[in-house]
Amino acid sequence: MITKSHVLHVASLACLELSEDDLQEFTVQFNSILSYFDELSEITERLEKDEVQFNNLRADEVLPSLSQEEALSNAPRTEDGYFKGPRIL
Amino acid sequence: MSHVERVEEILTLITKSNLNAYITVDPVGAREQAERADSGELDGKLAGVPVAVKDAISTKGLRTTCASRMLENYVPVYDAFVVKRLREEGAIILGKTNMDEFSMGTSTETSYFGSCRNPWDISRVPGGSSGGSAAALASFEADMALGSDTGGSIRCPASFCGIVGLKPTYGRVSRFGLISYGNSLEQIGPMARTVQECALLFEVLAGYDPRDNTCSDIPVPSYSKQLDRELNGLKIGIPKEFFGEGMDPDVERAVWDSISIFENMGVSYEEIDLPHLKYSLSAYYVQAMCEASSNLARFCGIIYGYRVQKDHDWHTTFSQNRSIGFGKEVKRRILLGTYALSAGYYDKYYIKALAARSLIRNDFQRAFKHVDAMVAPTMPYVAFRIGEKVDDPLSLYLVDINTVPINIANVPSLSVPCGFKNGLPIGMQIIGDLFDESLLFNIAYQFEQCTNFNKYSKAQA
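Taken in sequence, the protein lines are chains A and B.
Taking my numbering, the leading residue of the first sequence gets 1, the next gets one more, and so forth.
Taking my numbering, the leading residue of the second sequence gets 1001, the next gets one more, and so forth.
Everything labelled a hint here was simulated from the structure, so no lab data went into it.
Virtual Cβ for every residue (Gly too), placed ideally from N, Cα, C.
Do not rely on the hints blindly, as some may be mistaken.
What the hints assert, rightly or not - Capping the alpha-carbon separation at 16 Å, the derived lysine to aspartate or glutamate pairs in EDC-like fashion look like this:
(1) Lys1328/B with Glu25/A
(2) Lys1240/B with Glu1230/B
(3) Lys1328/B with Glu42/A
Said to hold, decoys possible - Here are some, though not all, of the chain A residues that point toward chain B, as calculated from beta-carbon distances under 10 Å:
(4) Lys4
(5) Leu13
(6) Leu16
(7) Gln29
The whole structure should be built from the sequences, with the hints applied where relevant.
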């Protein structure tokens, strides 16, 4: 059984703030969705290894990258060529 | 008609349209490129072809929103690999098409920019998440389009809008520049009005890209030149799990009628079992949500994306940016994914989902030892009404019952029109073994040639 406090805990882990309405709605929905997922517990086979489809790595070479101007072009706030985040202290 | 004339015709159609198929249109870029095509400056397989691009795929200098408030003002500084390929082959990029926010949906109703509508009946959804691309094609607001398919997002709208769409083999097309949702499941793929055009577009998209480590370097065949082979002697499998509970009997009948048409071409069929398919939806949603919770962690509003005016501490600022920037379905999936990955639940959900995925993949690989391809309904029914399913997320997830197993198994699947119900298109998917897209296009082309279900193939002829 998922309670509001579970949902609030997960929301904090995921950096999301929820309105009271969303919290109420998600709590009800998560119970029905997660109980649907419970069918997976029937599976007894163990996963032999973590199967990835391909891992086609390129050579580790330095290639051209974005300019500082390009990298900053979508930032909501910048200062002196840096991204500007919230204050720490 | 010249390329400039065709582009002008499309731009007028888009302006007058009530479908909301596009989020951003690039009239200046499209006209410039059309003029270049008319003056003979462009060569390449798609020289002068007007193409629409799903708004989840990065286009340098052209706003790319993923249908989210989070990226409302985001302008990529680089092209996705597939967009670079379109430009190299002379295509005209018309603009960016509407979609479910961050590709999370089956109806294109979760877009921050409003629902997209189905051209066959504007009270109905076009399918999703690549709904804008399918609606644009069906209404001639584009001549080819790109979509992406994580759990059916190309095939569902192709089915609902009566067009052709391919979910390629995982690794066939580079994901570089695709805004990730469920990165181990999704592929960019071609959408078009006819099989021949879809095959031609796929030739351009497929191929090795060193910037996607899951991208294969297997050579790309000339898909559009291998359509004429006769189908005589082929064997198709009919997986009975795809004809399960909740399927509209009229959709089922249309697919069985299509199987009879294949029989007349000398194709044999047998019913087959894929016993672990019953776990597909759970395995898909657990894995996709877990990947989403990780992939969407990058959207904190500092480097790009929505940012609130007033700063607080880091955690509060991030949380406020994300709470305002993301819509409800995106939050729902991030939260469920975070829950399934959190301490104590990882083994119960994520590890079990990976185990189920491995079993389902083995089911398909076993089956392809006995059959050349499989045929099944793409969607359990025709397009539903806008608003019909928005209040019950679980019921909307269950609509993906026939599309998600394909992504889980990494195999390719091509959706083609195969009938109508009350004037609405029905779609059939032709499913192939890994990297066997060439056979799927061949089968679909032969089917299209001897049937009248693809209204667009005749309209253009």
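Among all the numbered hints in the text so far, which are the ones the structure does not match? 2, 3 and 4
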